[in-house]
Every structure is written in C-alpha cells, then in structure tokens.
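Chain by chain, the residues:
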Amino acid sequence: MTASVSEEVDFESLVVRHQSMVYSIGLHFLRNQALAEEVAQEVFLELYLHREEMQSPEHVVYWLRKVTSRRCIDQSRRRKHQPKVSLDDAPEPFSWMPVEDPLLKQYIGQLVGTLQELPRMIVILRYQEDLGPGEISELLEMPVATVKSHLQRAIALLRRKVAATTGDEIR
Amino acid sequence: MMEFEDQLRGALGRQPAPADFARQVMAKAARMERQRIRPWHPWAAGGLAASLLVGCLGFASYEQRREMEQAREARGKVLQALAITSGKLRRIERRVEGIGQ
Chain A
1 MTASVSEEVD FESLVVRHQS MVYSIGLHFL RNQALAEEVA QEVFLELYLH
51 REEMQSPEHV VYWLRKVTSR RCIDQSRRRK HQPKVSLDDA PEPFSWMPVE
101 DPLLKQYIGQ LVGTLQELPR MIVILRYQED LGPGEISELL EMPVATVKSH
151 LQRAIALLRR KVAATTGDEI R
Chain B
1001 MMEFEDQLRG ALGRQPAPAD FARQVMAKAA RMERQRIRPW HPWAAGGLAA
1051 SLLVGCLGFA SYEQRREMEQ AREARGKVLQ ALAITSGKLR RIERRVEGIG
1101 Q
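Keeping their order, the protein sequence lines are chains A and B. Heads up: the first sequence begins at 1 in my numbering, then just goes up one per residue. Heads up: the second sequence begins at 1001 in my numbering, then just goes up one per residue.
These are computed hints drawn from the structure, not numbers from a lab. These numbers were taken from a predicted model, which means no experiment stands behind them. By construction, the Cβ of each residue, glycine as well, lies at the ideal position given by its N, Cα and C atoms. Heads up, some of the hints might be wrong.
As the list claims (entries may be wrong) - In silico negatives: residues of chain B with every beta carbon more than 12 Å from chain A:
hint, residue
1, Met1032
2, Ala1045
3, Leu1052
4, Leu1053
5, Cys1056
6, Gln1064
7, Glu1069
8, Arg1072
9, Arg1075
10, Glu1093
11, Arg1094
As the list claims (entries may be wrong) - Computed footprint of chain B on chain A; a stretch qualifies when at least three of its residues, placed anywhere within it, have a C-beta under 8 Å from a C-beta of chain B:
hint, region
12, 12–19
13, 22–32
14, 42–49
15, 123–130
16, 137–150
Model the full structure from these sequences, guided by the hints.
Structure, rendered in structure tokens:
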C-alpha cells in the first residue's frame, strides 16, 4: 500500500518540526555534521516505518529522543568515533566570562564531546532538551540514581576542565 | 551573571538542521516505499520461477515413476490370477476327460 499524499504531508511536517532536535542531539554527541545528518536521517526513516504506531505528538517526541540516543551511542561504538578536541580547533585561552560568549560556548561543546558515551548523552539530554533525571532514565533505560551520578560527575569534570583552562573559579 | 549550567545550556542549544534535510528524508522515504511495493528484483523473480520449474519437473517425474510402479504391480497380479485360473481349468478338463472314458 502506498502512502497517501496527506500521509506524506503529515510526515514531512513531522520531520520539519523535529529535525532540529534530532540533528542537534547527533551533532552535540558525535561532533561531526555529516555523521549527525546521517543518524538523523536514519532516525526519521525508522519513524516513517513506525508512523502508524505513534499515539500522540508527545509519543513522537519521546520516541525520537529514545531512538536518536540509542543510534548515536551505537554509531559511536560501531565506528569507534572518538570526538577529538584538537588544540588547533580550540579557542584561544579566555578568562571566565559570566556572559554569553561564543568562544566559550564552542569550547564547552567540545569538552562535552570528550565525555564518555553515557554521561555525554545524559548531559546533552539534560541541557539541550532540558529533561529531568527521571525522563532521561526512562529514555536510556537505566536507574535514576545512575543518571544523577553520571550527571554530577560529568558537570564536576567539565567545571574542572574549564577552570583549568581559564584559571578562574567556576560557579 | 551566568552560572556554569546556563553556559552549558547555551553551548548545547539546538542547531538548525541542514537546509534540504526534510527534502532528503522525504526522497529516501519515497524510495523505501517503492522498494516495499516491489520487493522482488528481476533476478529474484527469475530464481523463484526456476525453483518452481525444478519443483514441478521433480514432482512430475516422481508421479511418473509411481504410476509405472503401480502398473508393474497390477500386471504381476493379473499374471498370477491368469496362472491360477489356467491351473483350475486344466484340473477341470482332466476330470471331464476321466468321466468321458
């Protein structure tokens, strides 16, 4: 049975609505635009196959986050893709600026990319998607306590790394 | 004043997907749909036809052998029946000849 035109339009609007979320999870996790795009396309094609199982817009978002997280982690493990923070790519040393700074943003993004797979995904879901530990534990199918401890350790590590670069104390 | 966690939020904000992302996904979905409708490649269909032909020929040959076997068995039974009948006829003939003498 072919997909009707209205189904196609509906699916396309789903893609347009959620493409930024799915692509950004991939981009922040894999630190590679081409890989992030590939993973995001695979996720939406999987959604296309399962589109009739979606019960609500919330279910679609939950499903997309879950499948994207799983695929990103699989992709990273399969290709042994190690995001590299090259010193050449890193911004010039800066002092801790409590205002929004593009260089600092870039640097923090790169540091997140150096975390281990699970804490990296947890940090991305927490700060990109603004999810609580309970929601993350459901998505990644792990205990809430594990999510919390990964999160605390990852934040402390990132703080230390930023502080070591800037020489400032970070709140 | 921004806390470190706010900086993290800023650094991990959503980024726009590439400009033609949705178009590419839709094109791939359409290709996938066509594949689902026509799942057989020509060589797969040819392979299936060849397998069916071989199967049919094999079955026909088996049937033919079975029929020949049955015919041989039936012929044997007819010959046995004829032999019994001819034996009985000879015995009756001898008796009739005895009565006549």
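Each hint tested on the structure:
1. Met1032: At about 6 Å from chain A, methionine 1032(B) fails to clear the 12 Å cut-off, so the statement is violated.
2. Ala1045: Non-interface label on alanine 1045(B) holds, nearest chain A Cβ at 21 Å vs cutoff 12 Å.
3. Leu1052: holds, 27 Å
4. Leu1053: holds, 31 Å
5. Cys1056: At roughly 32 Å from the nearest Cβ of chain A, cysteine 1056(B) sits farther out than 12 Å, so the non-interface label holds.
6. Gln1064: holds, 44 Å
7. Glu1069: Since the minimum Cβ distance to chain A is about 50 Å, glutamate 1069(B) lies beyond 12 Å and the statement holds.
8. Arg1072: Check passes; 55 Å lies beyond 12 Å.
9. Arg1075: holds, 59 Å
10. Glu1093: holds, 83 Å
11. Arg1094: The assertion about arginine 1094(B) holds, with a minimum of 86 Å to chain A.
12. 12–19: holds (count 4)
13. 22–32: holds (count 5)
14. 42–49: Held - the region 42–49 of chain A has 4 residues with a Cβ nearer than 8 Å to chain B, which meets the minimum of three.
15. 123–130: holds (count 5)
16. 137–150: It is violated, with 0 qualifying residues against the three required.
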